[in-house]
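Asks: Residue strings, one per chain:
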Amino acid sequence: MKAFKLKLQNLLWRMKSVSHHSFVKTEEFLTRHRLGFIVNWPHWLKAIFYLLPAMLMLLVFTFYPIINSFMISFYTGFNIQTGEFDNYTLLGNYIEVVNQANFLQALQNTAIIVFISVPITILLSLFIAVALNSIKPLKGFYQTIFFLPYVTNTIAIGLVFAFMFSGNTNTIANPVGLGLANQVITWFGGQPIAWVATGATYWSAMTVILMYSVWNGLAFKIIVFLSGIQGIDKQYYQAAQIDGASRAKAFSRITVPMISPMIFYILITSVIGSFKTYSSVVAIIGVDGMITTGSSGSLNMKTIVFYIYDYISLAAQDGLMSLAAAAAIVLFGIILVFTMIQLQVGKRRVHY
Amino acid sequence: MKRITKEIRKLDFIATLIDTVYILFAIGLIYYLFSVLALPNNITDEVNTTYQILGSTWTSAQVNTAISLLVGYFIVFIPTTFSNWKRVRSKDVIEMDEWTYRSQYLYSFMSLFLSFNPFSAVIRFLNATKILTIVQGHGLKQSLINIKDDLLDFFSGRTFQRMKARRLARKETSESQQDLERISKQDFTLKVLVMVANYTFLTFIALFIFLPFYWMILTALKTNTELTTAVSPRLIIGLSEMQWVNFKVALDRFDFGLYLSNTLFVGLASMVGTVLTTILAAFAFSRLEWKGREFIFSILLMTMMIPGELYTITNYITVRNLGWYDSFYALIFPFMTSIFYIFFLRQTFKQIPDTLYRAARVDGCGDFKYLTRVMIPIAKPTITTITILSAIGAWDAYIWPQLVAPSEKYWLISVALRSTRFTDGGSDARPVYNVQLAATALVTVPLLIVFFSLKKYILAGVGRSGTKG
Chain A
1 MKAFKLKLQN
11 LLWRMKSVSH
21 HSFVKTEEFL
31 TRHRLGFIVN
41 WPHWLKAIFY
51 LLPAMLMLLV
61 FTFYPIINSF
71 MISFYTGFNI
81 QTGEFDNYTL
91 LGNYIEVVNQ
101 ANFLQALQNT
111 AIIVFISVPI
121 TILLSLFIAV
131 ALNSIKPLKG
141 FYQTIFFLPY
151 VTNTIAIGLV
161 FAFMFSGNTN
171 TIANPVGLGL
181 ANQVITWFGG
191 QPIAWVATGA
201 TYWSAMTVIL
211 MYSVWNGLAF
221 KIIVFLSGIQ
231 GIDKQYYQAA
241 QIDGASRAKA
251 FSRITVPMIS
261 PMIFYILITS
271 VIGSFKTYSS
281 VVAIIGVDGM
291 ITTGSSGSLN
301 MKTIVFYIYD
311 YISLAAQDGL
321 MSLAAAAAIV
331 LFGIILVFTM
341 IQLQVGKRRV
351 HY
Chain B
1 MKRITKEIRK
11 LDFIATLIDT
21 VYILFAIGLI
31 YYLFSVLALP
41 NNITDEVNTT
51 YQILGSTWTS
61 AQVNTAISLL
71 VGYFIVFIPT
81 TFSNWKRVRS
91 KDVIEMDEWT
101 YRSQYLYSFM
111 SLFLSFNPFS
121 AVIRFLNATK
131 ILTIVQGHGL
141 KQSLINIKDD
151 LLDFFSGRTF
161 QRMKARRLAR
171 KETSESQQDL
181 ERISKQDFTL
191 KVLVMVANYT
201 FLTFIALFIF
211 LPFYWMILTA
221 LKTNTELTTA
231 VSPRLIIGLS
241 EMQWVNFKVA
251 LDRFDFGLYL
261 SNTLFVGLAS
271 MVGTVLTTIL
281 AAFAFSRLEW
291 KGREFIFSIL
301 LMTMMIPGEL
311 YTITNYITVR
321 NLGWYDSFYA
331 LIFPFMTSIF
341 YIFFLRQTFK
351 QIPDTLYRAA
361 RVDGCGDFKY
371 LTRVMIPIAK
381 PTITTITILS
391 AIGAWDAYIW
401 PQLVAPSEKY
411 WLISVALRST
421 RFTDGGSDAR
431 PVYNVQLAAT
441 ALVTVPLLIV
451 FFSLKKYILA
461 GVGRSGTKG
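Line by line, the protein sequences are chains A and B. Under my numbering, residue 352 is the last one in the first sequence; the count climbs by one each step, no gaps. Under my numbering, residue 469 is the last one in the second sequence; the count climbs by one each step, no gaps.
Because the hints were derived from the structure by calculation, they are not lab data. Careful, some of the hints might be misleading.
Below, a list of computed lysine-lysine pairs in the DSSO-like style, where the Cα atoms sit at most 27 angstroms apart [what the hints assert, rightly or not]:
{"id": "1", "chain 1": "B", "residue 1": "K456", "chain 2": "A", "residue 2": "K234"}
{"id": "2", "chain 1": "B", "residue 1": "K380", "chain 2": "A", "residue 2": "K234"}
{"id": "3", "chain 1": "B", "residue 1": "K248", "chain 2": "B", "residue 2": "K369"}
{"id": "4", "chain 1": "B", "residue 1": "K86", "chain 2": "A", "residue 2": "K46"}
{"id": "5", "chain 1": "B", "residue 1": "K350", "chain 2": "A", "residue 2": "K136"}
{"id": "6", "chain 1": "A", "residue 1": "K46", "chain 2": "B", "residue 2": "K455"}
{"id": "7", "chain 1": "A", "residue 1": "K46", "chain 2": "B", "residue 2": "K369"}
{"id": "8", "chain 1": "A", "residue 1": "K139", "chain 2": "B", "residue 2": "K369"}
{"id": "9", "chain 1": "B", "residue 1": "K369", "chain 2": "A", "residue 2": "K136"}
{"id": "10", "chain 1": "A", "residue 1": "K139", "chain 2": "B", "residue 2": "K350"}
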């Protein structure tokens, strides 16, 4: 058996060497006749082949859509089946989008989510990261728990949140089977609240959405801040301690400036991410983003992305895709403006 | 010495093998128990029958208890066996310190009393004794005597005297040391207070983070009767009351098996595609030198700012025109590559020194061979991170799938969770919450298992992706 194996290895080696030898010979021959590029491709030719799969995908699903979506937003009566359209309009679709009451409501909802959940999440995760960094036992355990939200399905845990805040038959008239949140409220002697069910108010539903946004956003930020804080040299803190600086001062004068690039990065990405909130609202409120409050009416909890997808799901009607594209570009514009402002402010405040 | 380590390794291997056999047996058992569980006629009903299992009669409560115990066994022993396999298979030198034999002893007792596994208990006990002999230089008998002496010292107060003497000795070491100690003594109380505050704060946050998971599992195991009639929800339920049949209902009646396998298929396909295209593109952007490389790359980076909705609008039309609407193609192909991952991997590839490349070229190594033999092994942590992140992304996808694949055959889990009406089919339109949350748990748990087994890579990779970007 061993001898056979050896023989086989020998044979393989021989074959390899013969093929390599012939390859080298051809290469030499070709180079002598200035045909070396056939075997030794220049880098740009190789690069084309290496980039081919990725670029093909990017061209079809990234670059073409950017241009095309801009184009679509200028059409009127665009039909997605035939690709025909009636006419061009310069700003007609944009004006129609911006003037709709639904869009303004969506803008308000989104703005509330961005301006409340982002600061809370960043501050909280910064404190958590500092606290985590200062302890030694159980650090890994806490770190694992804090990271759990990152590896979950947004819809799944959103449903759990909705359940925790509503219970089973959670109407004010019939408060049987309280959800966990209402149970906690009754422990402290309060009245159960209809958070997201019939009888909910705008701010009760918004509270649940905000809580879920914070819960969902903590994980990533904690990990990034923690890895930033761990990279700070211990000497700074020792020097501060000898100089008699308090902990609060050490935090505001050493920790925050040292990880300011990370805070800045997180700020920009999470503002962008919050402007695009969609799945969490779908999970908590429902696919239509509306809460019916009895016979009197309904609460509109749609975000801007919600508003865009409402149009896309009705795309079979002529012209609605253009409105969706216009709304998406308005969202892009808002995000761009906010990012620019942050970059300008960041230039002065962030220490690299 | 080498002979002894070899022996220890061998014994370790045998014990781990026996553990694995036990776990496989338990998996078979739990599968059998699940297969005999009777489905209720109406999903809101509670099942209360008797089963004929292995020639004896079991009630529903007993079967529920058995499954609960088996699940508890899995939670403890599958991770430990997993890490044992990692240790057995690794070629590193075994670290032998005090904790090695202590953990081996603990594991041996756990095997004996928790999993009724006397074989591996005995083997691990022998192993631990062997390591103890190597580490301490004396056998088990002597260390038992030592423990006895230590306990005697502790109770007679001699331990404290020794500690005091050591502290005094340390005090006299040096002047600067004394200064430091004075400072630290001054804020000792402050330190303790801060510590207590830290732990309380972290525990509160941890509870806030963990509560939804607990509530999900807890509610999924309750009966529907309890959910609809109880005035206040119970925070803990007994082992025999856990309604494991809810999971079976979610899998059987609501087709969650199909949705899970759909998601797995789409996730794997797009993951493989992403990793392949990303590696090739990152290689072209980092190693190969060609005109316009930086220009094209900066254009790629610029598109990262644009919100995905803008793509979605045209991609929706493209997919319809290609005839991919309502099929797996539409779910897989648009996510086959990602600019962020290309950027991320390029940063890692760029750190590999050029000299390595030249050395490889001199040895007659082609570009592709250099990529597969040198660059990929070096960048393996980053590639693992990319793989995991793209898998998480596929698991979490909701917007695009519900837009382009609305028919039930192609539902992914997120879409299924949101679109399934978990009602009992009667006039009552309220969802049956325990089944809904059982389905939610079925969706959440697999990813958590993946996370726990690959924790090291994920935490490091995500931290890095934040600091670099």
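Asks: Each hint: holds or not?
Replies: Hints and how they fare:
1. Taking the CA atoms of K456 of chain B and K234 of chain A, the gap is near 24 angstroms; set against the 27 angstroms cutoff, the hint holds.
2. For a cut-off of 27 angstroms, the pair hint linking K380 of chain B to K234 of chain A is broken: about 30 angstroms separates their Cα positions.
3. Taking the CA atoms of K248 of chain B and K369 of chain B, the gap is about 49 angstroms. The hint is violated against a cut of 27 angstroms.
4. Between K86 of chain B and K46 of chain A the alpha-carbon distance is near 39 angstroms, which puts this suggested pair outside the 27 angstroms criterion.
5. Using a Cα cut-off of 27 angstroms, the hinted pair K350 of chain B and K136 of chain A is violated, with the two alpha carbons roughly 35 angstroms apart.
6. Under the criterion of a C-alpha separation no larger than 27 angstroms, the hint pairing K46 of chain A with K455 of chain B is inconsistent with the structure, at around 37 angstroms.
7. Note on K46 of chain A and K369 of chain B: the hinted pairing holds, with a Cα-Cα distance of about 13 angstroms set against a maximum of 27 angstroms.
8. Proximity of K139 of chain A to K369 of chain B is assessed by CA-CA distance (about 42 angstroms); at most 27 angstroms being required, the pair is judged violated.
9. Our distance criterion of 27 angstroms between C-alpha atoms is broken by K369 of chain B and K136 of chain A, whose separation comes to about 45 angstroms.
10. In summary, the hint linking K139 of chain A to K350 of chain B is not supported, as the alpha carbons are separated by about 33 angstroms, beyond the 27 angstroms threshold.
In summary, the numbered hints that this structure violates are 2, 3, 4, 5, 6, 8, 9, 10.
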